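Number of protein chains: 2
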Amino acid sequence: MFSGRTLADRAFEWLEEAIIKGDYPPEAKLDEVALAKSFGISRGPVREAIRRLEGKKLVERVPHVGARVAALNPSDLADILSVREALEGMACRLATERMSDAEIKELENLLDQHADQGGLKSGANYYQNPGDYDFHFRIIQGSRNAKLIEMLCNDLYYLLRVYRYRSSSRKGRAKEAFQEHQDVVAAMKARDPDAAEAAMRTHLHHALLSIQNEQVPLPRPKRLQKA
Amino acid sequence: MFSGRTLADRAFEWLEEAIIKGDYPPEAKLDEVALAKSFGISRGPVREAIRRLEGKKLVERVPHVGARVAALNPSDLADILSVREALEGMACRLATERMSDAEIKELENLLDQHADQGGLKSGANYYQNPGDYDFHFRIIQGSRNAKLIEMLCNDLYYLLRVYRYRSSSRKGRAKEAFQEHQDVVAAMKARDPDAAEAAMRTHLHHALLSIQNEQVPLPRPKRLQKA
DNA sequence: GTCCAGAAAATTGTTGACATTTTACAAAAT
DNA sequence: ATTTTGTAAAATGTCAACAATTTTCTGGAC
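Quick mapping for you: the protein sequence lines, in order, are chains A and B.
Taking this note's numbering, I'd label the letters of the first sequence as residues 1 to 227.
Taking this note's numbering, I'd label the letters of the second sequence as residues 228 to 454.
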């Protein structure tokens with residue numbers, strides 16, 4: 001059923017995926033005996049899986065009471081988005097320095113595809129859809145920074161996903177987002193790390209403002225100066 | 228002996244501290260029976276503590292073989308320092324927006340103390356000493372961003388500490404670092420988040436270059452433009 | 001001396017039983 | 001009716017024994 005070799009590892013993978021998928025929403029109780037029974041194993045490996053998730057901060061535990069899927073208060077959202085802005089801005093800088101011409105060209109093609117096959121036409125659908133995800137994902141990978149990749153794609157992924165349903169569906173945001181993507185790629189093509197980082201941060205900061213108050217975001221620092 | 232209520236929690240705290248202090252260096256084997264015996268408990272809680280550390284990525288585990296303190300290859304160092312630059316730059320930006328005048332004044336006094344009581348005189352001692360640590364710590368706290376504080380003070384702390392002994396002791400770096408600290412505070416006093424973030428990133432980037440090749444770092448982007 | 005079984009030892013993985021604590025429920029008092 | 005209190009039930013914490021795997025050791029063949 002799963003790849004992990006030990007029962008504890010398999011339980012961990014199963015549980016992590018279930019939490020990320022939303023099968024276990026925030027605050028949901030993780031009942032050891034129920035989980036053990038549903039996995040057909042004993043409580044030992046289940047407890048170890050829960051402990052690992054606790055270390056990852058996906059679940060919170062109260063001694064003698066139990067473990068629950070980590071809760072997220074609204075103020076956490078702003079905190080997380082600032083972290084994402086900082087990390088993904090850095091990732092975009094590094095990607096601009098490290099991605100090959102061919103890779104950047106692929107990125108450009110990706111945007112062209114979105115424009116062609118109704119990405120823009122479908123309006124509000126472009127922003128924060130699989131296409132948007134793929135765009136960000138590729139740039140993060142292009143940073144060649146393992147820690148950055150891990151933090152953005154693994155550690156923050158669950159948190160961003162939990163809040164996704166709140167994300168702005170404001171009219172016109174899709175078009176803006178698409179334009180911002182193009183700005184990012186333009187800076188990368190020009191091999192201008194400062195501009196690329198600034199463009200990515202502007203994009204993400206607009207998303208933050210858009211989510212926070214469903215309003216037109218005010219402009220923010222556009223780029224890092226050369227020297 | 229320890230605050231945690233359950234044996235597993237106490238074992239976790241003890242082990243985490245031991246790893247951070249360096250009592251268990253990278254690659255060190257974590258023997259379940261030996262640890263259980265030294266704690267006077269059974270293997271169950273010890274395994275749970277190790278699983279939690281695994282989730283925190285402080286230890287690496289190979290099924291049926293065992294757990295070791297996480298190893299750090301040299302390329303990890305550069306990756307981590309880039310992450311720190313991004314996160315602490317953002318922290319400095321937010322601190323500039325959110326710290327009170329009194330708090331910023333305290334920060335300034337802290338630097339004055341360092342200058343007076345031999346911080347500068349002792350030369351190479353100023354850079355990356357407790358004083359340097361306190362300076363960075365206060366700014367991070369000033370960001371009022373719980374995620375940022377957690378990532379910098381908890382998650383990255385061990386990694387940065389492990390590599391500390393490698394850090395540059397180059398002549399003159401101390402004086403430079405002190406000056407860079409003053410640049411940061413100056414920007415914060417002026418309530419210029421762009422300049423503050425840029426100054427902090429310059430400071431950290433110089434440290435990165437200094438560590439990497441023990442050479443005079445070249446200047447990097449100095450500040451974020453206003454609009 | 002080196003290499004290759006194969007057994008023995010040591011280590012990790014898993015389980016079921018028991019201990020402890022919390023929670024749920026019901027009866028009694030106000 | 002509400003609160004309180006005590007008991008029962010359920011959940012978590014811990015342990016010791018057993019199972020499975022890896023590692024080490026030993027003996028022998030070449």
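Hints may contain errors.
Calculated pairs, BS3-like style, for lysine-lysine (alpha carbon to alpha carbon, straight line, at most 27 Å) [as the list claims (entries may be wrong)]:
(1) A:Lys21 with B:Lys256
(2) A:Lys29 with A:Lys57
(3) A:Lys57 with A:Lys37
(4) B:Lys284 with B:Lys256
(5) B:Lys332 with A:Lys57
(6) A:Lys57 with B:Lys256
(7) B:Lys256 with A:Lys29
(8) A:Lys56 with B:Lys256
(9) A:Lys57 with B:Lys248
(10) B:Lys248 with B:Lys264
(11) A:Lys37 with A:Lys21
Calculated Cβ distances over 10 Å to all of chain B for the following chain A residues [as the list claims (entries may be wrong)]:
(12) Ala28
(13) Arg47
(14) Asn109
(15) Lys189
Source of the hints: derived by calculation from the structure; they are not laboratory data.
Keep in mind that this is a model prediction, so the values were computed, not measured.
Glycine is no exception: its CB is placed at the ideal position from the N, C-alpha and C atoms.
Structure-based check of each hint:
1. A:Lys21 with B:Lys256: Violated - the C-alpha atoms of Lys256 (chain B) and Lys21 (chain A) are around 35 Å apart, more than 27 Å.
2. A:Lys29 with A:Lys57: It holds: about 15 Å lies between the C-alpha atoms, which stays within 27 Å.
3. A:Lys57 with A:Lys37: Roughly 24 Å separates the two Cα atoms, so the pair holds.
4. B:Lys284 with B:Lys256: Holds, at about 15 Å.
5. B:Lys332 with A:Lys57: Cα-Cα ~35 Å, so violated.
6. A:Lys57 with B:Lys256: holds (25 Å)
7. B:Lys256 with A:Lys29: Roughly 34 Å between the alpha carbons, so the hint for Lys256 (chain B) and Lys29 (chain A) is violated.
8. A:Lys56 with B:Lys256: Holds, at roughly 22 Å.
9. A:Lys57 with B:Lys248: Holds: Lys57 (chain A) and Lys248 (chain B) sit about 23 Å apart, inside 27 Å.
10. B:Lys248 with B:Lys264: holds (21 Å)
11. A:Lys37 with A:Lys21: holds (21 Å)
12. Ala28: The assertion about Ala28 (chain A) holds, with a minimum of 18 Å to chain B.
13. Arg47: Non-interface label on Arg47 (chain A) violated, nearest chain B Cβ at 6 Å vs cutoff 10 Å.
14. Asn109: Given a closest Cβ separation of 28 Å, the condition holds.
15. Lys189: holds (19 Å)
Checked against the numbered hints above, the structure breaks hints 1, 5, 7 and 13 and satisfies the rest.
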